[in-house]
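> All chains, full assembly: derive it from the sequences and hints.
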Amino acid sequence: MCESCGCGQPEAGKNMSVHEHEHEHIHNHDKKVDLGFDLLEENRKLAAKNRELFRKKKIVTVNILGSPGAGKTSLLSKTLDELKDNFRIGIITGDLTGDEDMKRLARKKVVVHQIQTGRVCHLDAHMIAHALEHFSLDELDILFIENVGNLVCPAAFDLGETKRVVVLSIAEGADKPSKYPEIFSGADAVLLSKIDFAPYTDFDFSRAETDIHRIRFTVELMRVSSRTGDGIKSWCDWLARLTK
Amino acid sequence: MEEKLEMHEWSLASDFIARIEEEAKQRGASKITNIKMKIGSLSGVSVEAFKFAFSVGIKESIISEDALKIEEISAVSKCSDCDKEFSDTMGLDACPYCGSYSKKLVSGNEMFAVSFEMEEKDV
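Taken in order, these protein sequences are the chains called A and B. Numbered by this note's numbering, the letters in the first sequence go through residues 551 to 794 in order. Numbered by this note's numbering, the letters in the second sequence go through residues 35 to 157 in order.
By construction, these hints were calculated from the structure, which means they are not laboratory data. Check before you lean on any hint, since a few could be wrong.
As the list claims (entries may be wrong) - For lysine-lysine, the following DSSO-like pairs were computed, each having C-alpha atoms within a straight-line distance of at most 30 Å:
(1) Lys595/A with Lys72/B
(2) Lys85/B with Lys595/A
(3) Lys595/A with Lys582/A
As the list claims (entries may be wrong) - Simulated restraints on C-beta separations:
(4) Asp127/B with Arg594/A: 21 to 29 Å
(5) Ser136/B with Gly619/A: 45 to 53 Å
(6) Lys729/A with Lys112/B: 19 to 27 Å
(7) Asp635/A with Lys85/B: 32 to 40 Å
Only a predicted model underlies this, so the values are computations on that prediction, with no experimental measurement involved. We put the beta carbon where it would ideally sit given N, CA and C, even for glycine.
So, in structure tokens, the structure goes:
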């Protein structure tokens, strides 16, 4: 039996059936059954469990979202260089298939667990609960979750993270926040990445940043380049403050 | 099984179908009709994709083809400055009363299963 959620399934399963008590209205011939549940609720309940566990274990969990190629793995790699001497760091990385990211990040000598989602476009709280079985939670300060590269679907799934961060590379275009607002609406921080490309693009920083602020008023906005290291310090300072 | 990316609407649809069938079969249903749902404009769920996934998922089930009835709910935000509520379908709008972008979502991120109707087996 799965301890995280009682699902009775090995890892990667995701059928979670919960039996609630419905009220029935019985008519003479047909029968109406009230359901009264949210389909996203199962995920929210498991996310709340994860969040409580992270709080108890004093782990800052950062869910990193963004398109494929936004630079999530490079950012993490750079971040590890900055933080790994001062913090005990774990990484969960999600991809449809392969273990490329895990290999890249494991070179940094931190604990990395790769979730292969198969054909599923996002990580959910259930997958995270099982991934946590691969970590010694008492020996972690920061857990990064690199979500499946996708600017749409992961937005709908709370993982129980402490903070949600969206990485948008400037090569993707300044119109993306207004076209994909959902993912930005839940972000605590947005990192505009690959800013070393700026001279070669017409990226309109002011438009992107204004739109992001409109979608999420309280968001923390940062500009970074994992290649040159620009902005990495501010980003790491922001992370370090979360652990206090 | 189709070899394509399984967008989240597919897993939501197949979990939902399994759940309804379970509920209905426990009650001795022979046919399920009139499944009512409410989906918010900021739920992160595409209604069209969900409908399509649902229509594929109910083949060989006791759910009738035209059973699914979805009410689409437009998101509503509440202004943090003037406390008024306003329609904010895509989550991009400023408060129409005071112009502030400081706001909290009141509704629109739900994917709510309301009810279904069933016909019972003849005993």
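> Run every hint past the structure and note whether it holds.
Hints, verified against the model:
{"no.": "1", "hint": "Lys595/A with Lys72/B", "in the structure": "holds (20 Å)"}
{"no.": "2", "hint": "Lys85/B with Lys595/A", "in the structure": "holds (25 Å)"}
{"no.": "3", "hint": "Lys595/A with Lys582/A", "in the structure": "holds (27 Å)"}
{"no.": "4", "hint": "Asp127/B with Arg594/A: 21 to 29 Å", "in the structure": "holds (25 Å)"}
{"no.": "5", "hint": "Ser136/B with Gly619/A: 45 to 53 Å", "in the structure": "violated (33 Å)"}
{"no.": "6", "hint": "Lys729/A with Lys112/B: 19 to 27 Å", "in the structure": "holds (25 Å)"}
{"no.": "7", "hint": "Asp635/A with Lys85/B: 32 to 40 Å", "in the structure": "violated (52 Å)"}
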